[in-house]
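J.: Mind docking chain X on chain E? Use the hints.
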Amino acid sequence: MRVSPILIALAIATAGSTANGAELLVATGGGIIAHAEREALFSPAEKELGIKIKETTIDGLQDVRVQVQSNSVTWDISQMSLEECMMASKEGLLEKIDTSIVSTEGFDKNVVTEYCIPAYYYSTVIASASNLKQAKSWADFFDAENFPGDRSIYNSPRYNLEAALLADGVPADKLYPLDLDRAFRKLEALKPHITVWWQSGAQSAQLLKDGEVDYIGMWNGRAAAAIKDGAKATFTFNQAILSADCFVILKGAPNKELAQKALAIFFAPGPQAHLPLYVDYGPANAKAFSVAGVLSDADKARVNTSPENKKTQVVQSEAWWGEHGQEAVERWENFRQR
Amino acid sequence: MTAGVNSAILASVDASEKRQSHLLLFPAIAVVSLAIAPFLWLGALSFVADGQISLEHYARMLANPSYITTFVTTLQMSAVVTAFVVLLGFPAAYAISLLPHRLATAALTLVAIPFWTSLLVRTYAWMVLLQRNGLINTWAIELGLVERPMRLANSFLGTSIGMIHIMLPLFIFTLYGTVKAIDRTLLRAAANLGASPIRTFMTVFLPLSLPGVVTGAMLTFIICLGFYVTPQLLGGGNVTTIPMRVQQNILIYSDWGAASALGVVLIVIVALVMLTLRAVVGKRG
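Heads up: the sequence lines are chains E and X, in that order.
Residue numbers for the first sequence follow numbering that gives the first Met the number 0, so the first one is 0 and each next one is one higher.
Residue numbers for the second sequence follow numbering that gives the first Met the number 0, so the first one is 0 and each next one is one higher.
Treat the hints with care, as some may be off.
To be verified - Capping the alpha-carbon separation at 25 angstroms, the derived lysine to any residue pairs in SDA-like fashion look like this:
{"#": "1", "chain 1": "E", "residue 1": "231", "chain 2": "E", "residue 2": "129"}
{"#": "2", "chain 1": "E", "residue 1": "89", "chain 2": "X", "residue 2": "53"}
{"#": "3", "chain 1": "E", "residue 1": "190", "chain 2": "X", "residue 2": "141"}
{"#": "4", "chain 1": "E", "residue 1": "89", "chain 2": "X", "residue 2": "209"}
{"#": "5", "chain 1": "E", "residue 1": "132", "chain 2": "E", "residue 2": "109"}
{"#": "6", "chain 1": "E", "residue 1": "89", "chain 2": "X", "residue 2": "44"}
{"#": "7", "chain 1": "E", "residue 1": "227", "chain 2": "X", "residue 2": "123"}
{"#": "8", "chain 1": "E", "residue 1": "231", "chain 2": "X", "residue 2": "141"}
{"#": "9", "chain 1": "E", "residue 1": "310", "chain 2": "E", "residue 2": "109"}
{"#": "10", "chain 1": "E", "residue 1": "208", "chain 2": "X", "residue 2": "75"}
Said to hold, decoys possible - Anything over 12 angstroms on all C-beta distances counts as not near chain E; from chain X, calculated:
{"#": "11", "residue": "47"}
{"#": "12", "residue": "127"}
{"#": "13", "residue": "132"}
What the hints assert, rightly or not - Derived list of chain X stretches under chain E, where covered just means 3 residues or more per stretch with a C-beta under 8 angstroms from a C-beta of chain E:
{"#": "14", "stretch": "54–64"}
{"#": "15", "stretch": "143–157"}
{"#": "16", "stretch": "248–259"}
To be clear, the hints were calculated from the coordinates, so they are not data collected in a lab.
From the three backbone atoms N, C-alpha and C, an ideal C-beta is built for every residue, glycine too.
The following block holds chain X by itself, in its conformation from the complex:
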């Protein structure tokens, strides 16, 4: 009898647990319904024009050379920014990893401060520095380095500078984790076996930090593809990125499909770039 009572209770506990465990599915359902479904829906809209299935939005991209220029500019910008972020960020992450704990914390805080500052504020700050009558040009002219103001703002150069500054902290944080975790005794072992410091770095440290570099670089590259505010303000109309065309297409065609076609092409390009990268890096590994 008691066993029967117990089993009834156990069964009800079991059932309620099962019910509750269904609740755990909620985040998954939320992601599918709030992120993936609209995403697919928007993608599908790009194949619809005037209520009919059509490739009109894609044909337009081929008919107007400006779209290809926009894609090239966006990829070029992202590649240049990523390259400089890696070149500047790697030594920084390496140096911070060598510091004693307290100093490293202080250094990371200094890296974090610009990271916490609003993107808009940082972009405007660069405008003040780079424009024709800005600080850099004024100083350069006063010091006699140049005769006429340099074209720094409102250009590809100015946009790259602003974006590098914005992306650098993110890369340093990503890489720092990897670099910090490298077992230093391996470096000492290499030195012990007669490797020069340069050789130790090239054959031990660099390969071990490569996964961090690749992750950080990919993250930087992908985020750069979506930049809108910085190229808008620092590019002065001389740099046009995909997000700017997306917005423009919504305005002039009042049609989500016209804009989402650009997004679909961008996703395909990014996927191809990532797959190629993985194949190349994967082989080396």
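Only chain E is shown next, with the shape it has when bound in the complex:
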């Protein structure tokens, strides 16, 4: 996403207006999530630290790679998918997060590493067109005989291998290490019914809204937005697959001490609790749900990481994907393009 010259001018004009003049440059994914982060995380951090947080957008890991490798780091903090975090930490592009400043209490210990902490979770859910029998589990989704209709899935082995194994009866706690042969066998049987392999979140929402497919595995925020936007469909959190986006500090960031303090606020229960007021992606800090007076019962029913909803879901293992991601993608392409 490009930043308009007007915004840059405004940012420069307001840059000197804070008390001590300190600034942080934070890269987000843009769009509705950036808006939610601004309201729930950035504004409180600005107030508490007396600083100014400027925003930019990240298009992908290469943005960070170029800055760090050319020794011209301008961003302090960046948002990234958990997958990109793992690659970035392996490549030495990140600063360690100082846990004496940033508390990780309330976070899933399996997902926190010394370089990245998840900011929020998104779920890959099963959505069904309203005029058909609702698919309630991955077994239903993979059962084209009893649930006839066109399918769409993400064009990546991520989520889909887990979904196939869950559909094939593998218990949620025995998923990893993933049995590739078994997963691809199950996917092979569904393949004739897959008419679209979606590539972006926006595309999946469009497919649901236009009624282009009948059953689709997609991200919960996109599904909720499409339904709000008039899509005749429903979705379930049952067997949904949870994955996270994180905040990281770039190696050699101009204000890395300040960045640590800002992260401490971004990940604190209070600001985290406000996040789902603006977007359907749930806080990564479980303690956010016990903050009094922020989230109503209706909000908790809607948010994917609420204790109630999280029970029925599976957390994706980034450790497995970090190890086997490339192999899985190559196999996926061999399977898909046959």
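T.: Frame of chain E; chain X shown alone:
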């Protein structure tokens, strides 16, 4: 004395002209340093893996059948699109060349309008027309032509339709120049000598327009090899082209070499196709 003064001035003018003429080399230097050098550098990177000279990126293409499928799909798609662009574009260019000047300008403007419209807009427009609940399927069902919606979008067919529409204006413009320049008196001479209109067309007009057809077709074919957005949106994951794999390889291997190896193979294939074409067409000429 005066001659000496003059010669000094002339010599300095000469020298400054020489200096300035060096500036004329600038575009050439720019092309080499900004286009060719990075190009060669990227090509060289494809032979490097983990900091060592290796053929790993090429071995991977042989080990995974999907890469061969991707190359075949890309070439197939480009060939099909080029064939239809020639079949549709030739009559159009021919017809426009026969029109009086003003009408021809109007017709060319109509061809140019889609050409100026953003590729993304045109691709989305085709999605609206072709999808399951799109205009074409809705009409076809209402008219009773089909019972169930046809698979038009999210397929090879849909992608071809979108790409043909995008490439057609370019081909018509290229061919129009050649067709317009053909000397019409030759056609009249052929008719005068008793050739039927069909024979005149086949033995005079067609051979004379062939260079334009070949240029236009080559241009279309090569541009088609690089299509990314249209197959991405209209293919629905059922059409995978080389540029899509290039992007994917950058993402999963975080290594330029893994992606540029695909580019190197594509360039070699294109060069072979072009050389063969030139040999075939050259013989006919």
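J.: It remains to establish, for every hint, whether it holds in the given structure.
T.: The hints, checked one at a time:
1. Restraint check for residue 231 of chain E and residue 129 of chain E: satisfied, since their Cα atoms lie roughly 5 angstroms apart, inside the 25 angstroms limit.
2. The suggested pairing of residue 89 of chain E with residue 53 of chain X holds, with an alpha-carbon distance near 22 angstroms, which does not exceed 25 angstroms.
3. For the hint pairing residue 190 of chain E with residue 141 of chain X, the CA-to-CA distance comes to about 30 angstroms; that exceeds 25 angstroms, so the pair is violated.
4. Simply put, residue 89 of chain E and residue 209 of chain X have alpha-carbon atoms about 56 angstroms apart, too far for the 25 angstroms limit, and the pair is violated.
5. Between residue 132 of chain E and residue 109 of chain E the CA atoms are separated by roughly 36 angstroms; this puts the pair beyond 25 angstroms, and the hint is violated.
6. For the hint linking residue 89 of chain E to residue 44 of chain X, the alpha-carbon distance of about 21 angstroms falls within 25 angstroms, and the restraint holds.
7. A C-alpha spacing of about 22 angstroms is found between residue 227 of chain E and residue 123 of chain X, which places the hinted pair at or below 25 angstroms, so the restraint holds.
8. Taking the CA atoms of residue 231 of chain E and residue 141 of chain X, the gap is near 22 angstroms; set against the 25 angstroms cutoff, the hint holds.
9. At roughly 16 angstroms between alpha-carbon atoms, residue 310 of chain E and residue 109 of chain E fall within 25 angstroms of each other, so this suggested pair holds.
10. Proposed proximity of residue 208 of chain E and residue 75 of chain X is contradicted: the alpha carbons are some 32 angstroms apart, above 25 angstroms.
11. Taking the minimum C-beta to C-beta distance to chain E, about 16 angstroms, the non-interface status of residue 47 of chain X holds against the 12 angstroms cut.
12. Some Cβ of chain E comes within 12 angstroms of the Cβ of residue 127 of chain X; the nearest lies about 9 angstroms off, and the non-interface call is violated.
13. Residue 132 of chain X, annotated as away from the interface, has a beta carbon of chain E within 12 angstroms; the closest lies near 5 angstroms.
14. A count of 3 residues in the stretch 54–64 of chain X with a Cβ less than 8 angstroms from any Cβ of chain E is obtained; the coverage claim is therefore met, three being the minimum.
15. Closer than 8 angstroms: that is the beta-carbon criterion, and the stretch 143–157 of chain X has 3 residues meeting it against chain E, so the requirement of 3 holds.
16. Requiring three or more residues with a Cβ within less than 8 angstroms of a Cβ of chain E, the coverage given for the stretch 248–259 of chain X holds, as 5 such residues are present.
Consistency with the previously given hints fails for numbers 3, 4, 5, 10, 12 and 13, ordered from lowest to highest.
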